[in-house]
Structures are given as structure tokens and as C-alpha cells.
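Student: The residues making up each chain are set out below.
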Amino acid sequence: MQPNLFHPLAYTFTFYFFGLTALASAVAFVTRKSPVAAAMWLVNVMFCLAGLYVMLDAQFIGAIQVLVYTGAIMVVFLFVIMLLNLGHVSDLLDARGKWGQLIGLFLGLGLLAEVMALNRHNTIERMIPPDLAAKAAEAASRSAAGGVIGPIAAPLFKEYLLAFELTSILLLAAIVGAVVLGKRRTNAR
Amino acid sequence: MTHLMALLLQVADPQLPPSAGMFILFGAIKAGVAFGIYMLCVAYTTLLERWLAAWIQDRLGPNRAGPKGILQPIADGIKNFMKEETLPAAASKTLFVLAPAIAFIPAMLTWAVIPFAAPLPIPGVGLVSMAVADLPIGFLFTLAVGSLGVYGITIAGWSSNNKYALLGAMRASAQMISYEIAMGMSTVCVLLLAGNVNLNEIVAQQQGQGWNVVMLTLAFFIFAVSALAETNRVPFDLPESESELVAGYHAEYSSMRYSMFPLAEYANIITSSGLMVTLFFGGWDIPFTQWDNMAPWSVAKTLLTLGAYFAKVFFFVFSFIWIRWTVPRFRYDQLMALGWKVLLPMALLYITTVASLVLALDAAGLGRTSYGFRGAFLAMNVVFVILVFWILDRGRTISPSYSRVTKERIARLQTGAQRSDLLNEKGA
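The listed protein sequences correspond, in order, to chains A and B.
Numbering-wise (the working numbering), the first sequence opens with residue 1 and increments by one.
Numbering-wise (the working numbering), the second sequence opens with residue 1 and increments by one.
Among the hints, erroneous ones may be present.
Across the chosen pairs, the derived CB separations fall in these ranges [what the hints assert, rightly or not]:
1) Glu159(A) <-> Met39(B): 41 to 51 angstroms
2) Tyr160(A) <-> Thr406(B): 50 to 60 angstroms
3) Gly372(B) <-> Leu162(A): 27 to 37 angstroms
4) Val80(A) <-> Val188(B): 26 to 36 angstroms
5) Leu348(B) <-> Tyr11(A): 37 to 47 angstroms
6) Ala28(A) <-> Ala364(B): 54 to 64 angstroms
Under the rule of at most 30 angstroms between Cα atoms (straight-line distance), these lysine-lysine pairs were calculated in the DSSO-like manner [what the hints assert, rightly or not]:
7) Lys79(B) <-> Lys68(B)
8) Lys163(B) <-> Lys93(B)
9) Lys93(B) <-> Lys33(A)
10) Lys33(A) <-> Lys98(A)
11) Lys341(B) <-> Lys407(B)
12) Lys183(A) <-> Lys163(B)
13) Lys135(A) <-> Lys158(A)
14) Lys183(A) <-> Lys341(B)
15) Lys83(B) <-> Lys163(B)
16) Lys163(B) <-> Lys33(A)
17) Lys163(B) <-> Lys79(B)
18) Lys93(B) <-> Lys79(B)
Please keep in mind that the hints were generated in silico from the structure rather than gathered at the bench.
Predicted model only: the values in this text are computed from it and were never measured.
Each residue gets a CB set at the ideal place from its N, CA and C atoms; glycine is no exception.
Based on the sequences and whatever the hints tell you, model everything.
Tutor: In C-alpha cells, the structure reads:
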């Protein structure tokens, strides 16, 4: 809206603040033994990501990130963790023994190396379509005219209506399936 | 630094938005002032609750600290700070200490986007919007932040390592997720009418078209019930229900840490009231007049609209308290049934109807502020209100339950002759 609102230094500071907090929280999320503490760190990661989206002028995605992931999915996670009552945390390590942890470490290092190699040869930049700037300008002009939600809602409910409806049917089928499976177990008992 | 000073010194027309530097400066000032007033209101809502409770129960209420007990919140605060803070041995310490803060923050954050008065012109600065942050996604922000309210309670209950606290936390998360859905669905109708999610735009739409409570009474009803459930107020106070769960999720808390939970509840009441006013009662609009909604803006206009806004919010805070001292608590299965089997289907049906009506009226070429458009919505509203409150609801939520009992049964109860018979037909 007001581009001169963000001093470049303030912008950089905010970016690194959210980025580093997200990384630190992600590391904490993986290393915590208590499932609830891990879930809370994941919530923090989601928040930082929402902050980064807002910095990209994608306020809608930022709000949805908090609303869906933090407000709904993670609450259900917490609910399930509490309901299961997992017992003492020392029994909960999923990668037990030295070998399991070593394999995990090497897998992680391999993935990191892959990302760095991709980045070094500018593969990610080459993957971005050349007309992206034009598209971004068009989206910006549309969002100036019709608010923040219009440019997302209009294509979703016009051009991609079929895909949208198919997705909703898929989700409905998943919900019905979950209910059927849950019911069968209680009947068998 | 010079960059910032240069921005600050730009002189602007008071009827236009301020420059970027002034925007930042006044943003900070607004945040500080709004925070101070909000905290004061939260503190005094506790006193208001005790006064109203005393009034409803025909007793005196707090009247010792200061004239008429006006200093009671301050006395309470000092008392809470002086008390011993307990920390259960088996508690998860970090989360136990953090939970009260987590409970309080979302209610406060929501307040940041609610516009509370007409924009204020300041000479040399520009037209300052009277919302702490006038976000383009306004309403979605309130939904997103509102959905975090459950964390404080859940974490408090879990970290206490107490079975009653955990039960309270489980109830809270189930209840708040359920009613959040109904709440979100009920506001879709408002967004359909406004065609925007910015709260200032929603207020402007109501100024032109009439308050949403007149056009969409059912949506308001669903929103109000869900707001009661989201704030964990009676009749939805199952997370702390003292007669079943000792004190529920905050059973292990003491002193100021405990005090944060009731304070968060009062903060939530004020925020929910503010949202209800903004979404359904025209926000800062002064009813039956148009002069307050348009330029040129003046200080008097800002003050008057601020007064109108405060009066409306006060009415809803009063209603919240009034309901608490009037209605008994739900049973847990009734609560879930009301949320999932009544409010959610009702909201979905309502969305479909409102969307079709908007589409049809737009296709017919009626302007959004024309009498035809408003008349059609009013007619639809009357039909729905009669259908829901008079036919479907007979003897359930609004009308008393004795209206479901047949005349013969009342006669039997009155004679009291067939007591044993009544005991045998529990299910009736």
C-alpha cells in the first residue's frame, strides 16, 4: 500500500527476526522430548511463517496460515496428544538406538546439501517463469481495485471452480471414511 | 534517523491520510492509548460484574474500597500480587508460567483492528484512522487471532498435571473448536453483504444499507451464542464448572497467575462485544443520522461516534453479565449438540439463502442501498426469524422448556397425584 512505509533496514531486520526465530523454533520442535512442548514450538514456526507472508504483502495467506495451521490443526494435535496420554517422555523416542539416529542425521545432511547445490546453480531462479513480474504487477493492480481477498477469490470460484469442487468432494470422502473407520472399531469392541 | 525526521516533518492536508512517518508515530500513540483504556475497562468490568451480580441477587455487592467500592479493582490487584504463587511439583514449569499470558494476549490483539470512532483530522498531520491498525484483511485477522484463545486454557490445564484441570482443558478445546466454526460461518453472511473483509468497509456498508442485525438477525443470533461459548461464560462455562471440576483448567493456579484467567475472560467479553457491535450494530455509526458518516471530518464527530461506540459495547458487556446471572449451565452433550447439530447447519442454510438472494437481487439490477434490496432482505429475515424462533425453537433455547410439556402433563404435575408414575417415565 505505502511502500515507503518500510525503511529497508527495518524490512531486513524484520525478515531476519522472523526467519531466524522460525529456524530456531523448528530446531526446538524436533529436539524437544515432551510432545506438548514440541507442538508449541511448531506453533511458533507457523507464526513466524505468517509474519514472513505478511512481509511479502500476502496478508491473506498470513491470516489463513494462523487461522488454519495454528488455530485449527495444531489445536487438534494438542487435543489428540492430551487424549492419548502418552506416558513418560523417555519411552517416546521414535528413532531408537545409535543407528537410527545416525541414519536420521545423514538423511538430514543429504537434504541440506541438495538444497544448497540447487541454490548454487541458480536452479531455483531459473525455475521461476520469466513473466512472473508481469503477473505480479497485474495481481497488484487487481488487489488495489478489489481489496485483498478479491484477486484470490475470483479465480478460485470462476476459473478453478471444478478443481475447487473436486477438492471439497475429496475432503468430504476423507471425513466420511474417518467416521466409518472410527465407528467400526467401536462396534468390534 | 534523518530519513525518519524528514518523513515526520512532511506537512499534510488534515482531510487526507497522513504521511508514512506520521502514520508510524500515530500508530504507536494509538496503540498506547487504546491499550491503556482497554486495560482500565477490563479491570472495571470485574467490578461491573460484581455490582450487577449483587443487583440481580438483591444484595449490596462490593462497597468498601473507596466511595461506593470504586477502588475495588485496585484493591483486588494489590491483593493478588501480595499472595503466594504456587507451583505444583509435577507441573510442566515453563508452560505453567506461560499459560496465563498466552490466555490474555489473543483477546487484546483482536482489539487492534476494530475501528472505534470516525477518523480524526489533526492539522499538520492528516486524517488519522481511529483503529489501532486498519488492516486490509481486518476481519480475517480477528478470526485468526480469536482461534488462538484456546491455547492459554489448554496449556494451563495440561501443564498443571491435574486430572480436573486436564478435563477442563479438553472440554475447552472441544468447545472452542466447535463454536469457532459456527461463529465463522455466521459471519460469512456479513462478508457477503459487505463484499469486503476490512472492518472499516463493513461499518461503511452498514451506514449505507442499515445495520446488519436488522438484515441478518439469525447470523447475529448464531454469532452471539458462539461468542458466549468462545468466552467460556455461563451457560458455556464447562471448562471451569466448579461444581464438577473443582475449578477446571485453573484449579492449580493462585495469586496473580490465577487472576490472569478471569481477566482474560473479561478482555474476551469486551472484545466480543466490540466485534458484535462492529459486525452487526453499525460499529461507530450513530443511528438514524447520516451526517456522522461522511467528510468533512471533525474532532466533535470523532468524540460523538466514540461515545456511540462505547454505549453499544457497554450494552453488550452488560448483556454478557446479565446472561451469566440468569441462565444455568449446559450439560456437556447438550453443548456439543447445540454447536454441531443446530448452529452449524442453521448457519450453512443461512449462508446459502443469503448468497442466493444477493445473487438474485444483483442480477435483477437492484443497487445495494436501494429500497428493493433492503426490503427483500428484510422480508427474508422476517421469514427466517419466525421459522427459527417461533416454530423450530419452540420449547428449546429461547422459549422456556415448559412450553414443550402437554397440558395434561401440567395438570398431572399440579395435582401431584401420580408421583410414582412420573418417576417411572424418566425418558419422557
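Student: With reference to the structure, classify each hint as holding or not holding.
Tutor: Now the hints, each set against the structure:
no.: 1; hint: Glu159(A) <-> Met39(B): 41 to 51 angstroms; in the structure: 48 angstroms, holds
no.: 2; hint: Tyr160(A) <-> Thr406(B): 50 to 60 angstroms; in the structure: 55 angstroms, holds
no.: 3; hint: Gly372(B) <-> Leu162(A): 27 to 37 angstroms; in the structure: 34 angstroms, holds
no.: 4; hint: Val80(A) <-> Val188(B): 26 to 36 angstroms; in the structure: 28 angstroms, holds
no.: 5; hint: Leu348(B) <-> Tyr11(A): 37 to 47 angstroms; in the structure: 42 angstroms, holds
no.: 6; hint: Ala28(A) <-> Ala364(B): 54 to 64 angstroms; in the structure: 58 angstroms, holds
no.: 7; hint: Lys79(B) <-> Lys68(B); in the structure: 19 angstroms, holds
no.: 8; hint: Lys163(B) <-> Lys93(B); in the structure: 17 angstroms, holds
no.: 9; hint: Lys93(B) <-> Lys33(A); in the structure: 15 angstroms, holds
no.: 10; hint: Lys33(A) <-> Lys98(A); in the structure: 17 angstroms, holds
no.: 11; hint: Lys341(B) <-> Lys407(B); in the structure: 29 angstroms, holds
no.: 12; hint: Lys183(A) <-> Lys163(B); in the structure: 27 angstroms, holds
no.: 13; hint: Lys135(A) <-> Lys158(A); in the structure: 18 angstroms, holds
no.: 14; hint: Lys183(A) <-> Lys341(B); in the structure: 19 angstroms, holds
no.: 15; hint: Lys83(B) <-> Lys163(B); in the structure: 25 angstroms, holds
no.: 16; hint: Lys163(B) <-> Lys33(A); in the structure: 22 angstroms, holds
no.: 17; hint: Lys163(B) <-> Lys79(B); in the structure: 28 angstroms, holds
no.: 18; hint: Lys93(B) <-> Lys79(B); in the structure: 24 angstroms, holds
No hint from the list above goes unmet by this structure.
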